[in-house]
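Asker: With the sequences and hints as input, model every part of the structure.
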Amino acid sequence: MNNIVDLYTREKSVQIFLNALNNNEYNYLVNSITPNHGYLLTYLSFLEGSESIFYVASNLYKANLAYESFCKLAGFDNVNLYVADEIVSAELLAISPDLKYERLSTIYNLISKQKHIIVTHPQALLKPIFPKKSFQEAMFTIKAGDVIDFENLITKLIALGYKRVPTTTMVGDFSIRGEIIDIFPLFSESPIRINLFDIEVENIKYFDPDTQKSFKSIKQVEIFPLNEIYYDEKEKESIINRIKAAVSEMPDFLKSDLSDLENYNNPERMNKYIKYFGKGYASILDYPEEKLVFYEDYQRLQDNYEQLRLDLENFSEQLSIPDGLDLLFFFDFYNLFYKVDKKIFLSEFRKSFHDFPLDKVFDLKGIAVIDYQNDIKTLISDLKVNTDKTFVFAFYTEERLNLLSEILNENNLQSKRIDSFNNLVPKAINLIRSDNAISFGFLGKIEVYTEEEIFKKFKVQKAKFRSVLQHTKPISSKEDLVVGDYVVHYDYGIGRYLGIKTVELQDVRNDYIVLQYANMELYIAVEKITLLEKYQGSEGVVPKLTSIGKGEWERKKKKIQEKLENIAADIISLQAKREEMKGFKYPPDSSYQKLFEDDFEYEETPDQIKTINEIKKDMEEGKIIDRLICGDVGYGKTEIAMRIAFKTVYSNKQVIYLAPTTILSRQHYYSFKERFEKYGIRVELLNRLVSRKDQKLILEDFGKGLVDILIGTHRVLSNDVKAKDLGLLIVDEEQRFGVVHKEKIKRMKANVNVLTLTATPIPRTLQMAIMGIRQLSLIETPPKDRYPIQTYVIEENDIVIKEAIYREISRNGQVFYLHNRIGDLDYLYRKLRRLVPEARVGIAHGKMTKIQLENTIQSFIDREFDVLLCTTIIETGIDIPNTNTLIIDGAEYLGLSQIYQIRGRVGRADRVAYAYLMYGKNKVLTDEAAKRLSAIKEFTNLGSGYRIAVRDLAIRGAGDILGKEQSGFIDAVGLDMYMKMLSEAINKVRNIPMPEEEKPIIIDVSKHVDESYVSDDEIKIFIHKEIHKIKTKEDKERVIAEFTDRFGKPNKEILTYIEERYLQTLLKHYGIENVMETQYQVMVAISKEKTKKISAEKIFLKATEISQDILFEYKRQQLIIKIKKVPKDKEWIFMLSKLLESQLKNVYKISENSNNITSEVKQ
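The numbering of the sequence shown is this note's numbering, which starts it at 19 and goes up by one.
Just so you know, the hints here were simulated from the structure itself, not pulled from any lab data. Nothing here was measured: the structure is a model prediction, and the numbers come from that model. Hints may contain errors.
[Said to hold, decoys possible] Okay, the calculated beta carbon distance ranges per label pair: (1) Asn769 to Leu715: 21 to 31 Å; (2) Lys231 to Gln1135: 26 to 36 Å; (3) Gln336 to Val501: 36 to 46 Å; (4) Lys357 to Asn42: 15 to 25 Å; (5) Arg1134 to Tyr1098: 19 to 29 Å; (6) Ser608 to Val560: 49 to 59 Å.
Glycine residues also receive a C-beta, built at the ideal position from the N, C-alpha and C atoms.
Answerer: Right, here's the structure in full:
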């Protein structure tokens, strides 16, 4: 027995509780228990009974905590999180998909009739949804052998919220190409490919959304609604007519909602009209036939509901709901409450209930143990004092259990390793590995600890909807080409893409990419597609179209190439100098390094681990480090710096951390001090807020080696700052320092290891170009399971502003209210004071002096204000984990990259964060603002707005690394073309020859993708690109297999196109320089050199196998192959490639007898 739950059930009070459950006694109160005791009792009830368990937490944050604990106890598959936004005016908003998918997951699991633990809270519990029967009727299954009605299937999928797209990559997509149907159903681990034979399902397979290749056969696929509200074309008219019939007047909100209903827009916002859908309505409590409901802190639940009711009344008044319109936002809490037969109430404190009679009251007397949180010294001290107690350390991971054992041994404390709780040793320290290691504190005379209390928080997966959203479109440097996009051709310059045109000449059909230049249209043959890149410049930059034939593109390229060669020479020179230098050889990690790293409360991302390991390896090999660490806001760059700093200090070296602002230096000082102090490492701060007297003492101690880590602003670059033995310099956002400071940093870099941290991403193409030249780490993986930022894009709305601020303040949080016009801030200050009188509002903007600004922001950090009304001054650098609501007023006037970075200011803590992007009411927007707003509306990780933001920041990042003036050059030729030119410049400086331009031999075949095979231009371009990549037989077979898998069997025209591309490679191998084709014959001449290596006997034999139409001739020491053909027939291409392919091994095998070809051919 090594399950911690079994140990818990030994306690007498717990056994009495379970006996009562087994006797079907309910409606009782359990007093004096910690939240974890409540989770354990709920879990035990789930194990003992046959019914589903609802655990009703008092709010969304508590629900998330409970969900994590239940996942540890019961496993992810048995636990559902059924949560909703806590703001009433969310009805006005374009809802983020995260919480919706989690609710649908719960509905799906309850329909499957398995028992589950459902964690919820009032706003979700009271939300009206369609009854179980409606969902059961809406979902459907497709099996092998089924007959498919295409029109009916398309109608069904659209009604359930699925979207028809050219290529299925995300949840909710579906595509139809000939007899192939791709769908990415909700709750499917991968998208599904259905292959038909005529109209019958032949087979069903999973496919990879990135490669689009199918990989595993399945028997059937289940399609579940993508929204909680769904309706088909027939139902739509009835719904709209019912609503119209109910009202005599039509307010603006109703007109807008009816328009959305008509066009299937924002179905999740239509929940309030649920009574008009004709499907009935229910609560999630109605789904399981048997259920037991646990209420966590019932009094607070009631308070929450009362507040919800008041908010709803205010919201309804401001919405001006017309008479007769019967909207249902939430069920009545008490009506639902009394419908539940089996209820158990949990309370941390002793309470009595007056609302209704209770069958029993239990006092569990649960007490929490000390939360040591890596304070090992105090833990050791307590264990040494309390030798008469029985201690149990039940850990989930073997690694941490071994680490604790090692620490105990080092401190002369004996411990007993046990494999079962039955073998507990009294008055001793017991160590055991337990799968369900959830903390529950004191239990009678036993003190139970888990790794949560000893180390840091247990690293656990949050909600399951992360897996639903894991397949998002990758942010690549080359996005899909859309008509109207700007493109860059390596030889011709910047043009505009107009689409694909097919030109037919003498029975040969070829596809051309049509580009508009300043003075003409240009048709680019598809085989030249590799010379074309999508233009990517800074946001808002509109490139000038190149004039063809005037030399301007050549001049522009030459100017940039000269600059790039200088940059390349500098980069390579720096690399050579660094490789010549020898640094200090650091020892391997100590056990304290492991302990320090275990302090980190999040699970490390793969990029973090890779970067840390690379740096440590270099340190232990004595290499000088000058590494740039590039990562998004909140992706864990500081943690990397901390771990390298710890390794440095434990080798008796010192560290300087250089921050760009006083506030940042102060923040880093406190976070470093908290992590390092317990290990006897001294951290000090040096900035303008530190008195001169203290600065003098700190500098003296730093010079003596008594200060290990010195954190500060540019003050640490002063001449009086002298270390005893400096080992590491950490520079945060170097690009924000001035020229003088940068020169000082450069001088400091000469002899010490340097880590430079930046939140500005850089393009992957730049990473590839300088790989092996500059030490560079990209931290691209987002932190696992961090709560997502709920992002809403709406018209400016005072109700939402008021509710959002109230909600954040009520959970002791703070708010950023951003408006980027300084002149409007006083008016907005008065408006916020009127809307939310209780809120303390501070103002911060760029016209304040540096000291004023820093004082204001510091006051906000110190929680003297609830709301910071500010401009984009908060765009970079400020880390305030307590601020988890962001309101952007006038989002249409900000750049997407600005919004992206500002949004990164929230969502840094262990709670759900909210971002409201508001645009002005009824304003006539310029074309540019309208386009930006359209992109902002898609501003999620799945949308194009996000990709534009990342691209713009990548260009900034390239400028930061290569020099600010380079940003202008990037805009002149586009990001991808610039990187291509940089690679060429680096190769030139390194004397690496440029690859020769491929000159294909002219063969008249159609290079065309017919509409009947693929109709979408983006996919046509993809097909041409894939065919163009063919070099080997394996490539050819891979392409045919992929096309067959994705689009159906290629027609003869495409197969000939593919074979011609493969034949080009073979012709090159044989030194064949041209193909002579007439109406009735094709002739090729193999080069003299390759002729010598061919076995005449083998090639004649193979020719006989293939066709009687293949003839040979030997002239001027060359083998000539002739193939008879009929006009217009291209079968000879397959024959020739098969023949040449058969002799490849002989061609590359040098043989003394190879000249036998001469006599044999003559005979």
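Asker: Are the hints correct? Go through all of them and say.
Answerer: Now the hints, each set against the structure:
no., hint, in the structure
1, Asn769 to Leu715: 21 to 31 Å, "holds, 26 Å"
2, Lys231 to Gln1135: 26 to 36 Å, "violated, 47 Å"
3, Gln336 to Val501: 36 to 46 Å, "holds, 44 Å"
4, Lys357 to Asn42: 15 to 25 Å, "holds, 18 Å"
5, Arg1134 to Tyr1098: 19 to 29 Å, "holds, 24 Å"
6, Ser608 to Val560: 49 to 59 Å, "holds, 57 Å"
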